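*Asks:* Spelled out, the chains give:
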Amino acid sequence: MAQNAVILQDLVAHYGPTQVLHGLNLTIAEGELVSLLGSSGCGKTTTLRLLAGFLQPTSGQITVAGKDVTKLPPHKRDAGIVFQNYALFPHLTVAENVGFGLKQRKVAAPERKARVDAMLERVGLVDYANRLPAALSGGQRQRVALARALAINPPLLMFDEPLSNLDAKLRVDMRVEIRELQKANGRTAIYVTHDQEEAFSISDRVAIMNAGRIVQLDTPEVLYRRPNSAFVARFVGFDNLIEMKVVKREGDLVTAEVEGGALITLSQAETGPLEDRFVVGARPEGIELTADPSNAIAGKLLTRSYLGRSYQYKVDTPTGMLIANAPLTQLHEEGGAINLKFNFEHCCILPVEEN
Amino acid sequence: MAALGPWLLVLPATMLLFLLLVLPVAGTLKESFDGASGGLLDNYQAFFADEFNRVVLIRSFKIAFMSTFVSLVAGFLGAYMIANASPNLKRVLLILSVFPLLTSVVVRSFSFMAILGRNGVVNTLFLKIGLIDQPLELLFTQGAVVAGLAYLFTPLMILSLVGVLENIDDDLYAAAGSLGASPVGVFFQVTLPLAVPGMIVGSILVFTGSLATFVTPVLLGGEQQMTLSTLLYRKAMISFDWAAANTIAAIMMAITITCVIAMGALANRIAAGRKMR
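Sequence order for the protein chains is A and B. Going by the UniProt record's numbering, the residue at position 56 of the first sequence is 56; the numbering climbs one at a time, nothing skipped. Going by the UniProt record's numbering, the residue at position 76 of the second sequence is 76; the numbering climbs one at a time, nothing skipped.
Hints are computed from structural coordinates only; laboratory data are not their basis. Please read all numbers here as calculations on a predicted model, not as lab measurements. Where is the CB? At the ideal position from N, CA and C, for every residue including glycine. Accuracy of the hints is not assured; some may be wrong.
Quick list of the computed label-pair ranges, beta carbon to beta carbon [claimed, not checked]:
1) A/H194 to B/K62: 56 to 62 Å
2) B/V73 to A/N165: 33 to 39 Å
3) B/L96 to A/P73: 28 to 34 Å
Generate the whole structure from the sequences, applying the supplied hints.
*Replies:* Now the structure itself:
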């Protein structure tokens with residue numbers, strides 16, 4: 001069992017009178033990359049700022065590498081941070097930027113140069129050592145920022161939406177590069193992003209945040225298949241949330257009623273044990289369009305849009321608007337009546353949330 | 001015909017500038033080169049031959065340099081405070097620092113007489129706390145002129161620096177801190193170097209302004225601390241030596257232009273030096 005590199009305990013934080021974190025707990029194992037994923041205002045950046053020391057928590061404790069750093073100022077925390085806008089020093093060359101942290105640590109000039117060169121080598125920017133940041137492209141700047149953060153050998157790497165200023169293609173390349181560098185060095189890292197695909201592709205575990213709390217912390221695989229709440233389900237692409245009420249149990253089989261009266265039979269061998277009331281989360285590809293009315297929800301087909309690999313249909317049903325994807329070979333006309341059947345392989349079961 | 005339209009539109013302003021600025025300045029320059037015995041540089045030779053003039057010239061330089069330095073330090077502190085204040089406080093501080101610019105130079109220089117005079121605030125205070133037993137002669141000294149000029153021009157320095165300091169991205173401070181720079185280290189390695197362009201602009205404004213002002217050296221320096229501008233006034237209005245007055249004006253103009261060019265070149269060299277390294 002790897003040692004815990006970072007422990008955040010009951011963190012509460014305020015911006016003025018507004019509470020932005022409501023008792024956040026998070027433990028990161030050594031060498032692990034954990035993403036904080038959420039929309040803006042969910043508290044993910046606040047968490048990072050607390051960890052870096054730019055912000056003081058109202059209460060709670062932060063432990064990094066076995067040391068309580070809660071009250072330490074940023075320059076005593078040894079955090080390697082990669083910022084969204086790179087935050088390169090515009091008056092310093094690439095090499096001076098990368099060597100900045102070593103200079104603060106009073107590393108002698110010859111050794112500093114050797115380490116900076118090695119770092120630039122690793123990110124492929126040796127030829128740019130004497131350029132100013134203004135002369136670099138976005139991707140190159142991000143590499144410099146990465147090299148600068150890694151140069152100080154930090155026990156913890158922090159990424160604050162590092163790729164959101166890059167174009168889509170470069171974003172994918174860079175995240176692979178970041179992941180490789182992080183793994184190669186065995187660094188513990190925390191990665192803040194609002195991009196689900198980015199978080200899932202790069203992380204060992206992802207913490208999905210909402211309104212100042214972690215809603216679910218799991219591996220990408222678990223999050224993708226078994227979200228624990230409607231919020232997470234919507235976040236990972238279960239666009240349809242349909243509430244059902246059990247009306248009949250027969251061994252393994254459960255018959256449940258959907259608003260509007262449609263009856264659906266589910267097998268608990270497939271879905272796991274079901275409460276008397278539950279919510280089915282269905283991805284668009286988890287709903288089939290069919291003429292057969294049995295074991296299906298009837299609805300009226302509203303709009304069809306072309307997605308390339310499939311058509312997406314919006315269907316009006318008594319339980320609300322549902323979204324379904326159907327293969328290109330199966331063309332349905334707008335305005336017609338249609339029945340919706342669930343493919344439970346692409347569905348998840350959620351508890352009913354009272355609100 | 002259509003191409004002529006725009007030219008016609010700028011004609012009135014051009015004429016005005018030509019009549020009121022270019023002609024008089026050209027006249028001044030021409031007169032300064034019209035020596036009594038026909039030599040082109042006679043007037044300049046006469047100016048530099050007089051030791052008194054040389055003393056005044058050097059004194060003017062010294063005063064301008066010192067007041068630039070004082071307002072650079074004071075202005076930087078002020079601008080730094082303003083740039084780091086909360087938005088509300090920032091507004092108040094900015095208005096307060098610009099407020100002196102709204103009153104006349106004469107009034108502001110007189111207020112300094114009240115501060116530095118024999119019965120002024122400074123002397124009264126020092127006498128009261130027993131630091132001195134006789135009033136100090138603070139007025140009509142070089143220090144008085146420098147203090148008055150620095151007070152006069154510090155708002156300009158603050159204005160030049162606030163924008164530059166505010167434009168420094170907060171993430172740069174955060175990055176420097178996270179990389180291990182102490183607050184003092186951040187100031188000297190990030191804030192100060194990035195403020196250099198503002199410091200140069202502010203220094204040009206204060207230096208050229210200090211060199212040219214007339215009221216402050218007259219009121220705070222008097223006869224003892226004559227500068228180029230007060231000397232010019234005396235030559236023109238008291239001794240009616242117009243050739244000498246024109247020459248001084250031309251010299252002041254040359255100094256100003258040289259300074260602006262030199263400081264601009266310095267700024268460029270700093271920028272270029274950054275690119276080359």
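*Asks:* A separate judgement is required for each hint: does it hold in the structure or not?
*Replies:* Status of each hint after checking the structure:
no., hint, in the structure
1, A/H194 to B/K62: 56 to 62 Å, "60 Å, holds"
2, B/V73 to A/N165: 33 to 39 Å, "38 Å, holds"
3, B/L96 to A/P73: 28 to 34 Å, "31 Å, holds"
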